[in-house]
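Protein chains in written order, with numbering that gives the first Met the number 0: chain A, 0 to 226; chain B, 0 to 244.
Take these hints with a grain of salt, some might be off.
Cβ-to-Cβ under 10 Å is the rule here; a few derived chain B residues that face chain A [to be verified]: (1) 73; (2) 76; (3) 96; (4) 217; (5) 219.
Please keep in mind that the hints were generated in silico from the structure rather than gathered at the bench. All values derive from a computational prediction rather than experimental measurement. The beta-carbon is built from N, C-alpha and C at its ideal position, and this holds for glycine as well.
These are the residues of each chain, in order.
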Amino acid sequence: MTLTTVIQNIIKIMSRYWDVFLIKGVSITLALSAITVAFGAVFGSLLALMKMSRFKVLRGLVTAFVEFIRGTPMLLQLYVGYFIVPLLFPALGLGTFASIAVALVINSSAYVSEIIRSGIQAVDAGQGEAARSLGLSKAQTMGKVILPQAVKNILPALGNEFVTIIKETSLASTFFVGDLMTAYLTVKGVTYLAFESLIIVGVIYFVLTFCLSKLIGVYERRLKQSD
Amino acid sequence: MTDTVLIETKALTKSFGSVNVLKGVDVQVHQGEALAIIGPSGGGKSTFLRCLNLLEQPDGGEVIFEGQKINQKGVDVDAYRQKMGMVFQHFNVFPHMTVQENITMAPVLLKKKTKAEAEKQAVSLLSRVGLLDKKDEYPRKLSGGQKQRLAIVRALAMEPDVMLFDEPTSALDPEMVGEVLSVIRSLVKQGMTTVIVTHEMGFAREVSDRILFMADGTIVEQGAPGALLDHPKEKRTVEFLSKVL
């Protein structure tokens, strides 16, 4: 196997199966990641609020949940989602894609809740005290003083979570959901050219995450300027 | 200064873990009085001040503000805090708001003033402390002294009945102390009731009507500035003053 044959094979694969990688694979990977991040952000925010509430039981439950998610492999969580979600909600008739998406969202919401909580707690305590001393309620202090400052800590970390999720959705290929890694499995199965297919998929993953990281970097610098 | 008692504490206690920071403090602050609190670090001065507007919740005793016991269930603490301005050692100006927004945010949000009224008031407050040209800047462009002057007028915008100062010059470069003190001085002259925790003995002597010397969680001695600073009676006070004067 020489470099020339590898390159020739890659060109051959791409000319026949480019749509499997670039259209189906990329779109499903991006869709899965976007769904995960969007819903993860919503549920993560709720979890973060619960974690900071004054009810001990609520805080304990969230802590246990986050520790469980962080302490078990993602692949295991996907299996649980794959088997359990359709059993729990048979009426919804959720397919594989939806079940996997639910599992990814649950996983991501745990991580996002920690991002949001630490972003909020990184805001100087004096800010909250100053707001309360002016007579603002707890909720007004959160909305007008704490959150606007916390967002600057949270957004860049949330962007990095997006990058991580893009890579982690590759695990979903175990269930053939049609993402980039599934595209690799499919093309490899047809062509028996495993190495070349892997290179193609690897390059696409890299381009996706690299571009996203750069975008986040630009955004982060803009946030810093207004600080 | 009048005879009306504006703030009163009775047997105020507070501990952090096993450390008793306040061991039963009784203080009366009269309307229009300028009260200075001095004493060694860790003596409970700041904690006492923060108990007055319940930023610190006392463990025992009473905080009575304008005749109402405020450290009990069912009291709208936020409403009382609106009448007690506070200035912090580390300024705590809001970095994500312009200088003007820092001042107008609370009065507008709490429906004390319309936006237009609040902005008009902000302009007059800012010109009073010489910061009018910084109106639309963000606080990061301000020096420490300017930030503290902003923090003072931010509190004044709520038109409080009392101003609490928690070591307002301790975090400032020496050359900026004067500009902040002169703002406080003019407030006292206008008759604002003021409680100030400070290490500036000269300033305490000059502006205050009464000085409390606090150490180890109790008020060791109090009196008129001249009497307390020049002729202290208690050994603990003599010891402290010999170190700082």
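Status of each hint after checking the structure:
A cut of 10 Å between beta carbons decides the hint on residue 73 (chain B): the least distance to chain A is about 16 Å, and the hint is violated. Of the supplied interface hints, the one on residue 76 (chain B) holds, with its beta-carbon coming within about 9 Å of a beta-carbon of chain A, less than 10 Å. At a threshold of 10 Å, the smallest CB-CB gap from residue 96 (chain B) to chain A is about 8 Å, leaving the interface hint in force. Taking 10 Å as the C-beta contact cut-off toward chain A, the hint placing residue 217 (chain B) at the interface is violated, the least distance being around 25 Å.
Hint status for residue 219 (chain B): violated, given a least beta-carbon distance of 28 Å to chain A, over 10 Å.
Going down the numbered hints, you'll see the structure goes against 1, 4 and 5, while the others check out.
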